[in-house]
Amino acid sequence: MEAKRKWDVKKLGPLIGLFLLCIVLSILSDDFLTMDNWLNLLRQVSINALIAFGMTFVILTGGIDLSVGSVLALSSAITAGMMAQGVSGFVAIFIGLLAGTAMGVLNGVLVTKGKVAPFIATLATMTAFRGLTLVYTDGRPITGFASDDIMFQMIGRGYFFGIPVPIILMLVVYIVLYIVLKKTTFGRHTYAIGGNEEASRLSGLRVDRLKMYVYALTGTLSALAGLILTSRLNSAQPTAGTAYELDAIAAVVLGGTSLSGGRGWIFGTLVGALIIGVLNNGLNLLNVSSFYQQVIKGAVILLAVLLDRRKEA
Amino acid sequence: MRPLIEMRSIQKSFGDNTVLNGVDFEVLPGEVHALMGENGAGKSTLIKVLTGIYERDGGTIVVNGREVHYRHPKEAERDGIVVIHQELNVIPTLTVAENIFLGREPKIGRTGVIRHKEMEQQAASYLRRLGMDLNPRELAGRLSVGKQQMIEIARAISTNAKCLIMDEPTAALTEREIQALFSVIRTLKQQGVAIVYISHRMEEIFTICDRISVLRDGQFIGTKQVKETNFEEIVQMMVGRQIGERFPKRNVAIGEERLRVERLTRKGLFENVSFSVRAGEVLGVAGLMGSGRTEIMEAIFGARSFDEGNIYIDGRPVRIRSPRQAVEHGIAMITEDRKQKGLVLDMSVHENLTLPKLEQLAAAGFVQSSKERDVVLTYIHLLNIKASSPDLPVKALSGGNQQKVVFGKWLAMSPRILILDEPTRGVDVGAKKEIYDIINELAAQGVAVIMVSSELPEVLGMSDRVMVIHEGKVQAILENDGLDQETVMRAATGGNI
Chain X
175 MEAKRKWDVK KLGPLIGLFL LCIVLSILSD DFLTMDNWLN LLRQVSINAL
225 IAFGMTFVIL TGGIDLSVGS VLALSSAITA GMMAQGVSGF VAIFIGLLAG
275 TAMGVLNGVL VTKGKVAPFI ATLATMTAFR GLTLVYTDGR PITGFASDDI
325 MFQMIGRGYF FGIPVPIILM LVVYIVLYIV LKKTTFGRHT YAIGGNEEAS
375 RLSGLRVDRL KMYVYALTGT LSALAGLILT SRLNSAQPTA GTAYELDAIA
425 AVVLGGTSLS GGRGWIFGTL VGALIIGVLN NGLNLLNVSS FYQQVIKGAV
475 ILLAVLLDRR KEA
Chain P
7 MRPLIEMRSI QKSFGDNTVL NGVDFEVLPG EVHALMGENG AGKSTLIKVL
57 TGIYERDGGT IVVNGREVHY RHPKEAERDG IVVIHQELNV IPTLTVAENI
107 FLGREPKIGR TGVIRHKEME QQAASYLRRL GMDLNPRELA GRLSVGKQQM
157 IEIARAISTN AKCLIMDEPT AALTEREIQA LFSVIRTLKQ QGVAIVYISH
207 RMEEIFTICD RISVLRDGQF IGTKQVKETN FEEIVQMMVG RQIGERFPKR
257 NVAIGEERLR VERLTRKGLF ENVSFSVRAG EVLGVAGLMG SGRTEIMEAI
307 FGARSFDEGN IYIDGRPVRI RSPRQAVEHG IAMITEDRKQ KGLVLDMSVH
357 ENLTLPKLEQ LAAAGFVQSS KERDVVLTYI HLLNIKASSP DLPVKALSGG
407 NQQKVVFGKW LAMSPRILIL DEPTRGVDVG AKKEIYDIIN ELAAQGVAVI
457 MVSSELPEVL GMSDRVMVIH EGKVQAILEN DGLDQETVMR AATGGNI
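Those sequence lines, one after another, are chains X and P.
For what it's worth, this note's numbering labels the leading residue of the first sequence as 175, then goes sequentially.
For what it's worth, this note's numbering labels the leading residue of the second sequence as 7, then goes sequentially.
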């Protein structure tokens with residue numbers, strides 16, 4: 175019974191796609207398969223992957239969270255602002271993550287208690303949080319605040335046994351969430367609520383509470399992604415994270431998770447985030463103009479979804 | 007008379023699985039022909055082969071004396087064969103007339119501008135001819151299910167249908183709507199339209215049909231004239247054995263009062279509902295559809311709020327504000343609509359079975375798979391759920407087996423009070439009997455059972471007492487002591503007992 179979500183061939187589609195992409199790019203570019211390039215690539219992927227992991231839970235419950243980019247920006251600005259005023263890195267990081275969680279909880283409250291459709295609720299908070307970020311930063315980047323705080327520098331720029339810390343953060347979060355989805359009541363309930371919310375409620379599940387947790391999780395992970403970004407750039411940009419929700423949703427969908435909820439897996443999201451990262455990285459190595467890059471990314475997403483449709487039919 | 011449709015020696019397999027093996031089926035003009043069989047017997051496959059959704063592997067289909075090979079239901083419709091599905095294809099935001107003429111609207115020249123007046127007049131004339139009491143201008147979404155079904159029938163007739171295939175047409179209808187449907191069916195018969203009537207409801211089939219054809223395990227068992235057969239013979243043809251008494255007797259010592267409901271009121275839905283159920287007792291709840299039966303049960307289960315009233319369990323007042331609290335008080339509810347409210351269709355049999363009690367099977371949030379497997383195997387065995395593997399998605403099971411999964415999921419939490427809302431809807435005869443046995447077994451174990459049902463024979467066959475709801479009020483609570491259908495029906499329609 176353990177093997178109920180088996181490794182059947184259908185599910186390997188995204189993984190095969192990723193391998194093919196890597197093979198093509200390694201032929202086209204000598205730099206692609208180097209260690210340096212991959213560490214760099216994975217570090218870039220970590221930001222989108224962390225957000226997309228949270229997004230996977232939200233989408234599994236049948237919801238969506240458009241506010242992730244704005245949550246990222248506002249929580250980053252809060253952390254940076256506090257550090258600029260001399261608050262220690264540890265405290266500022268903690269408050270930043272907490273702010274992200276709180277914003278997620280607000281999304282959850284709007285969706286469950288307010289009964290606002292997730293798309294609308296998070297569209298509104300996306301706009302409002304972005305506005306608050308601009309108010310808080312006065313529209314200017316916050317810079318030069320953490321030149322001596324080792325903890326804060328570690329998050330985005332540090333190494334652990336030669337591996338960049340963001341990659342380790344991504345993998346740790348992945349493993350934890352993988353186990354949560356696969357082994358815990360929380361994971362099972364997430365699938366159940368997305369599969370049939372009414373039946374879940376009538377089975378005595380705490381539907382609203384679980385949804386609240388799921389949005390809070392996404393908020394926290396968005397804030398964590400923001401800290402990585404801010405630490406790497408050593409500045410908090412008021413426009414940071416704009417349109418990140420699209421890459422996160424794309425990663426989830428590329429991984430084979432159904433936007434209507436109840437069906438999907440987090441391994442797919444990791445692969446999806448890698449596909450997007452590899453594509454960005456490879457196209458840069460090949461000097462493809464950023465305008466064409468967008469066209470190609472869009473085409474890849476469409477292709478993946480079309481292939482997915484065909485196997486279902 | 008030359009048959010309208012003649013299917014001979016139809017063969018159909020999916021892989022190694024033979025679904026139809028030499029099935030013969032013929033339909034004469036102007037007859038109502040019931041197609042019966044347990045779930046999985048091959049009824050739907052036969053219809054899908056006829057209308058071209060599936061390609062047949064062997065056999066012939068002759069329509070109007072011409073052999074046909076439909077590749078799409080549209081081609082069958084061109085020959086006048088139309089299927090009215092259980093899930094209706096009516097667009098709620100369009101009017102009755104717009105629905106009837108959807109895709110074939112009369113237009114001004116080739117402009118695409120619809121001639122509304124003409125369309126409404128034509129719709130009105132079809133409706134009149136069929137004796138349907140419908141306003142062509144009304145929005146379909148405002149109409150009851152029964153009237154929406156009328157729209158589909160009118161649409162079929164307006165395309166010159168010669169044969170209507172109706173799949174469980176009365177499943178969602180009230181008694182009055184069923185009578186209206188039967189009168190339309192009789193009108194259609196007179197006009198020479200043939201009806202293929204697929205249903206599990208024996209009483210209706212014996213009321214409205216002329217002939218009955220029975221399938222079992224993909225085999226054609228036989229065709230009988232309704233006048234020359236009886237209930238027992240048909241059931242035996244369907245299940246291949248005698249199933250014994252339809253409603254098995256139960257000898258249970260009825261115990262203490264378990265649940266008492268006092269003056270439960272929700273404005274506009276139900277008022278002053280008071281009743282009680284005792285341990286080991288089955289309380290049947292009858293009433294027309296829309297009388298508030300389901301709403302009352304939902305309120306007791308915490309799925310719907312109420313304005314006033316009290317609920318007592320074992321004599322103590324309880325506050326139930328959510329299904330979760332109801333579950334904590336030992337109440338289970340098997341809902342009327344298992345697909346919408348009972349099951350997570352994409353999940354496996356095993357995940358559905360443990361859904362309400364997963365937390366008890368977990369330690370520190372981690373599901374203990376060995377414990378879970380024990381529970382799952384126990385209930386699959388106990389309820390005789392036919393699934394090749396517990397990991398099969400529950401949507402792959404037949405209706406009867408799905409319903410057993412719903413039972414299993416609630417039995418796993420050992421309820422003390424069990425509310426059943428239409429427990430055998432869409433379930434075939436064999437599985438029905440099994441469900442009745444389960445209910446009796448639970449009562450014997452001291453569970454207090456409340457059973458809401460629209461099938462009066464079932465209510466009378468299973469209950470110790472019968473509560474009749476009329477327009478949100480308790481019209482009567484009757485001891486089931488030689489009670490007859492007429493008495494219950496009279497109360498359900500507001501008559502005094």
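It cannot be assumed that every hint is accurate.
Partner residues aside, some chain P positions facing chain X, computed with beta carbon under 10 Å [unchecked claim]:
| id | residue |
| --- | --- |
| 1 | Gln-331 |
| 2 | Ala-332 |
| 3 | Ala-368 |
Quick list of simulated restraints, FRET-style, between CB atoms [to be verified]:
| id | chain 1 | residue 1 | chain 2 | residue 2 | range |
| --- | --- | --- | --- | --- | --- |
| 4 | X | Leu-195 | P | Pro-399 | 52 to 58 Å |
| 5 | X | Leu-460 | P | Leu-145 | 15 to 21 Å |
| 6 | P | Asp-139 | X | Glu-372 | 54 to 60 Å |
| 7 | P | Gln-17 | X | Glu-372 | 51 to 57 Å |
| 8 | X | Gly-336 | P | Ser-420 | 52 to 58 Å |
| 9 | P | Lys-392 | X | Leu-433 | 42 to 48 Å |
| 10 | P | Arg-148 | X | Arg-380 | 48 to 54 Å |
| 11 | X | Leu-481 | P | Pro-399 | 19 to 25 Å |
| 12 | P | Ser-15 | X | Glu-372 | 43 to 49 Å |
| 13 | P | Lys-255 | X | Leu-481 | 40 to 46 Å |
| 14 | P | Asn-70 | X | Leu-481 | 42 to 48 Å |
| 15 | P | Lys-392 | X | Phe-465 | 57 to 63 Å |
Hints were generated in silico from the structure; no laboratory data involved.
Just so it is clear, CB atoms sit at the ideal spot from N, CA and C, and this is done for glycine as well.
CB of P:Ser-15 to CB of X:Glu-372, is that within 43 to 49 Å? Holds - the Cβ-Cβ distance for P:Ser-15 and X:Glu-372, about 45 Å, lies within 43 to 49 Å.
Tell me if the interface restraint on P:Ala-332 is satisfied: Cβ within less than 10 Å of some Cβ in chain X. holds (7 Å)
Has the hinted range 52 to 58 Å been met by the Cβ atoms of X:Gly-336 and P:Ser-420? The hint (52 to 58 Å, Cβ to Cβ) holds, given that X:Gly-336 and P:Ser-420 are roughly 56 Å apart.
Taking 15 to 21 Å as the stated bounds, is the beta-carbon spacing between X:Leu-460 and P:Leu-145 within them? Roughly 57 Å apart at Cβ, these two residues miss the hinted range, so it is violated.
Starting from the range 40 to 46 Å, see whether the pair P:Lys-255 and X:Leu-481 falls in it by beta-carbon distance. violated (59 Å)
Hint validation: P:Ala-368 versus chain X, beta carbon distance must be below 10 Å. Holds or violated? With a minimum Cβ separation of about 5 Å from chain X (threshold 10 Å), the hint on P:Ala-368 holds.
At a threshold of 10 Å, is the proposed contact between P:Gln-331 and chain X supported by beta-carbon distances? holds (8 Å)
Outcome for the supplied range 52 to 58 Å, where the beta carbon pair is X:Leu-195 and P:Pro-399: Hint violated: Cβ distance 32 Å, outside 52 to 58 Å.
For the hint 54 to 60 Å, verify it against the beta carbon of P:Asp-139 and that of X:Glu-372. Violated - the Cβ-Cβ distance for P:Asp-139 and X:Glu-372, about 33 Å, lies outside 54 to 60 Å.
Could you say whether the range 19 to 25 Å given as a hint is met by the Cβ separation of X:Leu-481 and P:Pro-399? holds (22 Å)
Go ahead and decide if the range 42 to 48 Å is satisfied by the Cβ distance of P:Asn-70 to X:Leu-481. For X:Leu-481 against P:Asn-70, whose Cβ atoms are near 44 Å apart, the range 42 to 48 Å holds.
Cβ distance range 48 to 54 Å for P:Arg-148 and X:Arg-380, holds or violated: Distance hint for P:Arg-148, X:Arg-380 is violated at roughly 36 Å.
When each numbered hint is compared with the structure, violations occur for hints 4, 5, 6, 7, 9, 10, 13.
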